[in-house]
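Visitor: Here is how the chains run, residue by residue.
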Amino acid sequence: MNGDQTKRHVLIVGASAAGVSTALTLRDEGFAGPITLLGAEEHLPYDRPPLSKQVLMGEMDYDNITLSSADELAERDIEIRLGQTATGLDEAQRQVLLASGHRVAYDELVIATGTSARQLPAAVGIGGVFTLKTLEDAIGLKQRLQAGKRLVLVGAGFIGLEVAAAAIGLGLQVDVVEPEEVPLGNRLTNEVGRWLVEEHKARGVTFHLGQVVSKFHTERDEICGVELANGIIVPADAVLVGIGTVPNTGWLKGSTIDIDNGVLTDEFGQAAPGIYAVGDVAKSFHPGLGRHHRMEHRTNANEQAHSVARNIVGIRNAYCPLPFFWTDQYDNKIQLYGTIHPDSIASFEVGSPGYAKWVLVFRRGDSIDAVLGRNAVKEIMPFRREARRRHLVASVTAQP
Amino acid sequence: MEIELDKPKCIAAGNCVMLSPEVFDQDDEGGIVFLINENPGEALHQSVREATAACPARAIRLSN
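From first to last, the protein sequence lines are chains A and B. For any residue, its number in the numbering used here is found by taking its place in the first sequence, counting from 1, and adding 8. For any residue, its number in the numbering used here is found by taking its place in the second sequence, counting from 1, and adding 212.
Hints are not guaranteed to be accurate.
[Unchecked claim] Taking lysine-lysine pairs in the DSS-like style, the calculated list, with each CA pair at most 30 Å apart, reads:
no.	chain 1	residue 1	chain 2	residue 2
1	A	150	A	261
2	A	209	B	221
3	A	157	B	219
4	A	209	A	223
5	A	61	B	221
6	B	219	A	223
7	B	219	A	341
8	A	15	B	219
9	B	221	A	150
10	B	221	A	15
11	A	141	B	219
12	A	15	A	209
13	B	221	A	223
14	A	150	A	209
15	B	221	A	341
16	A	141	A	261
Keep in mind the hints are simulated off the structure, nothing from the lab. Predicted model only: the values in this text are computed from it and were never measured.
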């Protein structure tokens with residue numbers, strides 16, 4: 009970082025996990041200049057993974073999922089401005105434009121604007137149809153999740169299946185519509201995807217696989233049914249559309265920042281001189297994979313924020329993560345560590361589907377690419393350590 | 213160094229155990245974190261800090 013550190017202002021646009029983590033790490037690393045966090049939502053920063061699980065189940069509310077309190081932010085001398093949506097970037101003046109018409113100047117800019125839930129145009133504006141990204145989304149959906157009601161999930165991704173599990177727990181009838189024949193097959197393998205479907209079916213979830221929605225039926229603008237391409241009409245009191253996300257990059261249009269399904273950065277998290285991106289919105293060059301890669305993982309939000317914060321204070325480090333991902337569905341805790349390579353050979357090295365615990369290991373030659381486990385948090389550890397050891401060696405080799 | 217665990221927040225990722233196995237462990241049942249060394253010596257502080265930073269649930273807090 010150039011110039012007098014104490015006078016340089018770091019502006020972080022986005023006050024969710026990655027943004028907050030960047031701010032806190034800057035302070036941890038001794039950065040003494042002003043830090044401003046801009047948040048589009050009205051709430052102090054909160055954590056999103058519980059929204060599709062404990063918050064719907066009523067086990068946690070906002071107070072349990074805050075990422076940082078006003079006291080902590082004040083104590084760390086981090087200014088937070090809430091309800092501020094960025095609408096543009098003026099690189100010449102080094103200013104961010106806000107919806108309010110105001111501008112905020114920066115010396116170093118960190119883009120942490122995350123993603124929005126992808127919408128189905130045909131469903132927008134219908135009462136009882138939700139996406140799930142924000143606390144308001146979760147509260148709205150939760151109000152509809154009453155025993156005996158019917159919930160239809162459009163999309164059997166992680167969000168859809170976690171909400172299916174929560175809704176079953178709350179006593180609803182649940183239908184899942186998914187265009188693929190095997191949900192999450194590309195993420196967890198077809199074998200594990202099929203096993204997961206059976207776990208849900210055993211608890212009463214009805215699946216419509218290989219099916220898409222052709223029409224939403226309404227009664228006085230409220231959802232009452234979902235018609236599938238095969239003609240079946242599934243009655244619905246509520247619908248959750250979980251069909252992926254879209255990076256929040258619209259405000260960067262017209263700037264020189266390269267956008268391609270995310271903000272393109274180098275391996276140091278830099279998108280342009282003095283401009284960085286972190287978290288779900290960032291598509292960083294991954295030295296290990298040899299390409300740009302966007303990771304929508306909670307763990308990535310932390311780790312990438314650490315890497316970028318350290319780069320900002322001059323501790324130069326390339327970001328070369330070994331991804332970690334988890335999902336909780338019923339009493340199943342599923343953890344994936346590493347990246348499954350198309351040439352990886354998978355084998356169950358602890359248990360197998362049908363066992364209470366199993367670990368599926370993905371190997372190429374004698375190195376482990378990834379390891380996937382069910383309720384095997386301890387059993388998975390030796391494989392994780394080995395994968396990490398190999399990865400650290402490989403990433404050191406890959407460093408420029 | 214004082215380590216405070218917010219166990220209800222723990223999601224059993226195991227990142228702390230992975231990075232600082234001398235200080236953190238997980239229970240067999242749900243994989244929830246617990247401390248096996250409440251007063252880690254200076255030599256372990258860096259790994260404890262890494263473990264704290266790597267927790268995806270921010271369930272570990274450090275003071276002093």
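Visitor: Which earlier hints turn out false for this structure, listed by number in ascending order?
Guide: Result: hints 1, 3, 6, 8, 10, 12 and 13 break, sorted rising.
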